[in-house]
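Just so you know, the protein sequences line up as chains H and Y, in that order.
If you use the numbering used here, the first sequence corresponds to residues 17 to 78, in order.
If you use the numbering used here, the second sequence corresponds to residues 861 to 1056, in order.
If you are wondering where the hints come from, they were derived from the structure by calculation, not from laboratory data.
Here the structure is a predicted model, which is why all the values come from computation and not from measurement.
Idealized CB from N, CA, C, for every residue including glycine.
Treat the hints with care, as some may be off.
Stated by the list, open to error - Not the full set, but computed from the structure, chain Y residues with beta-carbon under 7 Å of chain H: (1) 868; (2) 874; (3) 877; (4) 883; (5) 925; (6) 942; (7) 943.
To be verified - A short, non-exhaustive set of chain Y residues, derived as facing chain H with CB atoms under 10 Å: (8) 899; (9) 922; (10) 957; (11) 965; (12) 974; (13) 983.
What the hints assert, rightly or not - Here chain H is said to cover these stretches of chain Y; the calculated rule only asks that three of the stretch's residues, wherever they fall, bring their Cβ under 8 Å from a Cβ of chain H: (14) 902-911; (15) 998-1007.
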Amino acid sequence: MLDKPGPVFFCLGIHGQYLIVHPADEFVLAKVSSRARALEANDEVVTLRMAARIREFLATGL
Amino acid sequence: MHEFPPKSADQVTLANWRTSPFNRWAFHHVREVVPSADIPNDPHDVWRLAEEPVDTGGLLIENDQGALGLDDFLTNTATDGLVVLHHGRIVIERYPDDMPSETPHILMSVSKSLLGLLAGIQIERGELTEEALVTDYLPELSETAYAGATVRHRTPGSRAISPSISRACRSVTAASGTCLTSPVPYSSASASMASI
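Chain H with its partners taken away, still in its complex shape (with noise of 0.2 Å):
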């Protein structure tokens, strides 16, 4: 995700809600969860892993 170029849109709510932007490969993902922890900065790093990962997915099939 970080590495492509373009503006990307992250909002972050607490409890595990997000919505993504790439805007330059018209990538949205949104996601909704209830999540015990409120606010913790490892689960958004993996939650940018996880969408840098699916949008590679969807460009590459791999």
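Got chain H; can you put chain Y on it based on the hints?
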């Protein structure tokens, strides 16, 4: 909850609605727990997105426990719903715990960022005026602390914005992008928009 009424220890209340496991149910039944107002959509103006599901069988996601398939990853991260669009089509849509797809789910601070983005688009189009009073658009707020505040006051970079709201919206290396936040008056008016 499988009986009615549920045992008192199992009931979701304002005291426990954000606590696991009660939040699993509460986060998509917010209006039954938190005093809020409904903002219904226009059933005659629903924008249906094209669907083109992809086979995610080969999709593995690295996580602290190693590589997981998509569905295991979603369960591991307490996901209630996931939707992915690519080139305007829904390519992935999952509801691991059987939350109905049409049920509103709380967005927490995503609401502020999302409404800020929409407000930015409307300002760009000239459909919303930054200098206008919030009460020009929402006269029902005239008896509240929002009286006298402008639309601009409700967006970042202004004295009226709180640091926590600014932090909630992070625009990553947005050279030309903007990421406005926080029409708080709106967020106080909707079930799916409770603030943190």
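Here is how each hint holds up against the structure:
{"no.": "1", "hint": "868", "result": "violated (21 Å)"}
{"no.": "2", "hint": "874", "result": "violated (16 Å)"}
{"no.": "3", "hint": "877", "result": "violated (10 Å)"}
{"no.": "4", "hint": "883", "result": "holds (4 Å)"}
{"no.": "5", "hint": "925", "result": "violated (10 Å)"}
{"no.": "6", "hint": "942", "result": "holds (5 Å)"}
{"no.": "7", "hint": "943", "result": "holds (5 Å)"}
{"no.": "8", "hint": "899", "result": "violated (18 Å)"}
{"no.": "9", "hint": "922", "result": "holds (6 Å)"}
{"no.": "10", "hint": "957", "result": "holds (8 Å)"}
{"no.": "11", "hint": "965", "result": "holds (4 Å)"}
{"no.": "12", "hint": "974", "result": "holds (6 Å)"}
{"no.": "13", "hint": "983", "result": "violated (16 Å)"}
{"no.": "14", "hint": "902-911", "result": "violated (count 0)"}
{"no.": "15", "hint": "998-1007", "result": "violated (count 0)"}
Violated hints, in rising order: 1, 2, 3, 5, 8, 13, 14, 15; the structure is consistent with all others.
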